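Residue numbers (the working numbering), protein chains in the order written: chain S, 495 to 755; chain D, 7 to 262.
Read the hints as simulated data drawn from the structure, not as lab findings.
Any given hint could turn out to be false.
[Said to hold, decoys possible] SDA-like mimics (lysine to any residue), calculated; alpha carbons at most 25 Å apart, straight line:
(1) 25/D - 36/D
(2) 720/S - 64/D
(3) 24/D - 531/S
(4) 25/D - 507/S
(5) 720/S - 577/S
(6) 720/S - 24/D
(7) 127/D - 535/S
(8) 720/S - 702/S
(9) 720/S - 59/D
(10) 720/S - 193/D
(11) 720/S - 147/D
(12) 720/S - 151/D
(13) 77/D - 521/S
(14) 720/S - 46/D
(15) 24/D - 721/S
(16) 720/S - 96/D
(17) 127/D - 77/D
(18) 127/D - 140/D
(19) 77/D - 720/S
(20) 118/D - 531/S
(21) 720/S - 118/D
(22) 24/D - 535/S
(23) 720/S - 140/D
All values derive from a computational prediction rather than experimental measurement.
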Amino acid sequence: MKFPLNMVAALGALVLGTVEFVGELGIFAISGVSHIFRPPYYPRLIWRSLMEIGFYSLPVVALTALFTGMVLALQSYTGFSRFNAESAIASIVVLSVTRELGPVLAGLMVSGRAGAAMAAELGTMRVTDQIDALSTLSTDPMKYLVAPRLLAGVIALPLLVGIADILGVMGGFLVSTEKLGFTPGTYLISTFSHLQVEDVVSGLIKAAVFGFIISLMGCFNGYRSKGGAQGVGGATTSAVVTASILILALDYILTQVLFVK
Amino acid sequence: MTQPKIRIRGLKKAFGDKKVLDGIDLDVMPGTGMVVIGGSGSGKSVLIKSIIGLVTPDSGVIEIDGEDVLKASRGRARELRAQIGMLFQNGALFDSLPVWENVTFGLLAQNKIRRSAARDKAIEVLAQVGLADNVAALSPSELSGGMQKRVALARAIASEPAIMFFDEPTTGLDPIMGAVIDELIVDCVKRLGSTSIAITHDMASAQRIGDRAAMLYEGRVCWTGAADELLTSTDPVVDQFTHGRAHGPIKMALRR
C-alpha cells in the first residue's frame with residue numbers, strides 16, 4: 495500500500511514543483527520586462543551587457559557559423575550529387591543558415607557562454623549578500639541587474655545572428671568554390687535568387703526571442719541561487735540546460751508560427 | 007516621553023515549520039546603539055532583514071519614527087528605509103566596481119551627487135574610516151579583510167543615514183582590527199547622531215559599540231539591559247551565552 499502512495503506523492507510533488515517554478519519564472523519575467531520601461535535607466539549597464547553578450551560572444555559564434563556553412567555545403571554535395579541536384583547546394587546553405595542554423599546555433603553557443611556567466615555572476619552576488627546590499631542602497635536589483643541584461647540579450651542576439659548568417663553563407667561559398675568546383679558568380683546568383691527577406695527576418699525574430707530566453711534563464715537561476723559555491727554551480731548548470739531546451743522547443747514553435755501557412 | 011526611533015511589536019516569521027521570530031518586542035531609542043545577541047539561528051539576521059525589508063514578516067509591527075513600515079505604501083516604506091545604512095557581515099562590496107564607486111553607490115542611486123563629484127566624495131569618506139586616497143581606485147578583491155570592512159563601513163555611512171545596522175562587524179578580523187573597526191563604528195555613529203542596531207557574538211565588541219543590549223532566545227527577546235551589564239547579568243540564558251558555558255538553559259541541537 496505504501497509503494498503506490500509514495501509514487502502518487504512523488505508525482506504530486508513534481509507537479510507542484512513544476513507549477514511553482516513556472517509561476518516564479520513568469521513573475522520574474524514580467525517584473526524584469528516592466529523594469530526595462532520604467533526609470534531610472536542604466537545605459538552604462540546596458541552597454542556593458544551588450545558587450546558581454548554580443549561582442550565577447552562574436553568569436554565563438556563566428557567560428558560556429560563559418561564551419562557550419564562549410565559542413566553544410568560538403569554534406570549537401572555528397573547527398574545531392576547522387577541525384578544530380580548539386581545546383582541546389584547554394585540555396586540549401588543560405589536557407590538553412592538564415593532560417594534555422596544561424597539563430598539556433600548562435601543561441602546555444604551564447605547560452606553556454608554568456609548565459610552561464612550571467613548565472614554565475616548573479617549567483618555569486620546572491621550568496622555574498624551583494625544583491626541584498628543593492629536593496630539597502632536604494633537600488634532595485636531587478637532594475638539594476640536583470641532589466642539591462644534582458645534588453646541587451648534581445649538586442650545582441652539578432653546582431654550576432656546577422657553576422658553568423660553572413661559567415662555561414664561565406665563558409666558554404668568557400669567550400670563550394672574552392673573544393674567542389676562551383677564558379678563564384680554562379681554560386682552567389684544561386685544564393686541570392688532563392689533568398690527572400692522573410693527568411694532573414696524570421697531568423698532575426700527567432701534570435702531576439704532566444705536572446706531574451708538566454709538572459710532570462712541566466713538571471714533567474716542566478717538571482718535565486720543559494721547554498722554557496724555548490725548553489726552557484728547548480729544555478730549555472732540550470733541556466734544553460736533550461737535555456738538550451740527552451741531554445742530548441744521555441745524554435746519549433748516559432749517555425750510553426752512563421753513558416754507554416 | 008521620547009518616541010523610539012525603531013519600535014517592534016509582536017514580530018513573527020516562520021520558514022516552513024520553523025518559527026524563527028515568535029513575537030519580538032523591541033524599542034531602540036533615538037541616538038542609541040542597541041546590540042542584539044543570540045545563538046546561531048536564533049533569528050538575529052532575520053530580525054534586521056525584516057526591518058530593512060529584505061524579509062517579509064508573517065505578522066507584527068515595525069515602526070520607524072512612529073510609522074509602521076509594514077502598512078505603509080511601497081513608496082513611503084522605501085522612503086523610510088532610505089534612511090538606513092547597513093554594514094554586511096562579509097562586506098558585500100560589489101566586486102565589479104572600484105572602491106570609489108562602491109562607497110558612493112547609494113549617493114549616486116539617490117541622485118544626491120553628480121558622477122563627476124563622486125570620486126572626491128569617496129576619498130573624503132574613505133579618510134573618515136582611515137583609508138588613504140589611493141585605495142579609491144582599487145578593486146575590492148585587492149583589499150585585505152580589514153580594509154574591505156572599512157570600505158563597507160564607508161559605504162554605509164556615505165549617505166549619512168539616521169539608522170545604521172551592523173551585522174557581525176568584527177567577524178573574521180583579528181582582535182586588534184576588530185577593536186579598530188568598533189572604534190570607527192562608534193565614531194561614525196556619534197558624529198552622525200545615528201541610531202544603530204548591531205548583531206554580534208563578540209562580547210567585547212558588544213560592550214564597545216552598544217549602549218543597550220537584547221538577547222534573542224527561542225524567537226523572542228528574553229532579556230534587555232545596559233550593554234555593560236551583559237557579562238554580569240544574573241539571567242541564566244544571558245549568563246550561559248555571554249560566558250560560553252556548554253551547560254545551562256540553552257540546549258544546542260547536537261546529535262551524539
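A quick look at each hint next to the structure:
1. For the hint linking residue 25/D to residue 36/D, the alpha-carbon distance of about 30 Å lies beyond 25 Å, and the restraint is violated.
2. Of the supplied pair hints, the one linking residue 720/S and residue 64/D holds, its CA atoms being roughly 22 Å apart against a limit of 25 Å.
3. Between residue 24/D and residue 531/S the CA atoms are separated by roughly 40 Å; this puts the pair beyond 25 Å, and the hint is violated.
4. Only pairs whose Cα atoms come within 25 Å are accepted, and residue 25/D paired with residue 507/S is accepted, the gap being roughly 24 Å.
5. Under the criterion of a C-alpha separation no larger than 25 Å, the hint pairing residue 720/S with residue 577/S is inconsistent with the structure, at around 58 Å.
6. Taken as a hint, the residue 720/S and residue 24/D pair is honoured in the structure, with Cα atoms around 19 Å apart against an allowance of 25 Å.
7. A distance of roughly 23 Å separates the Cα atoms of residue 127/D and residue 535/S; the hinted pair therefore holds under the 25 Å criterion.
8. Restraint check for residue 720/S and residue 702/S: the C-alpha separation of about 30 Å exceeds 25 Å, so the hint is violated.
9. Restraint check for residue 720/S and residue 59/D: the C-alpha separation of about 19 Å stays at or below 25 Å, so the hint holds.
10. Our distance criterion of 25 Å between C-alpha atoms is broken by residue 720/S and residue 193/D, whose separation comes to about 35 Å.
11. About 22 Å separates the Cα atoms of residue 720/S and residue 147/D, which keeps this hinted pair within 25 Å; it holds.
12. Annotation: proposed proximity of residue 720/S to residue 151/D holds, straight-line Cα distance about 23 Å (limit 25 Å).
13. Taken as a hint, the residue 77/D and residue 521/S pair is honoured in the structure, with Cα atoms around 23 Å apart against an allowance of 25 Å.
14. Simply put, residue 720/S and residue 46/D have alpha-carbon atoms about 18 Å apart, close enough for the 25 Å limit, and the pair holds.
15. In summary, the hint linking residue 24/D to residue 721/S is supported, as the alpha carbons are separated by about 18 Å, within the 25 Å threshold.
16. Restraint check: the Cα-Cα separation between residue 720/S and residue 96/D comes to about 16 Å, which is no more than 25 Å; the hinted pair holds.
17. A hinted pair counts as satisfied when its Cα atoms are at most 25 Å apart, and residue 127/D with residue 77/D does not qualify at roughly 36 Å.
18. Restraint check for residue 127/D and residue 140/D: the C-alpha separation of about 14 Å stays at or below 25 Å, so the hint holds.
19. Our distance criterion of 25 Å between C-alpha atoms is broken by residue 77/D and residue 720/S, whose separation comes to about 29 Å.
20. Distance restraint check for residue 118/D and residue 531/S: the Cα-Cα separation of roughly 23 Å lies within the 25 Å cut-off, and the hinted pair is therefore satisfied.
21. Pair hint residue 720/S plus residue 118/D does not hold up; C-alpha atoms about 33 Å apart against a cutoff of 25 Å.
22. Simply put, residue 24/D and residue 535/S have alpha-carbon atoms about 40 Å apart, too far for the 25 Å limit, and the pair is violated.
23. For the suggested pair residue 720/S and residue 140/D, the alpha carbons sit about 35 Å apart, so the restraint of at most 25 Å is broken.
Going through the hint list in order, the structure does not satisfy hints 1, 3, 5, 8, 10, 17, 19, 21, 22 and 23.
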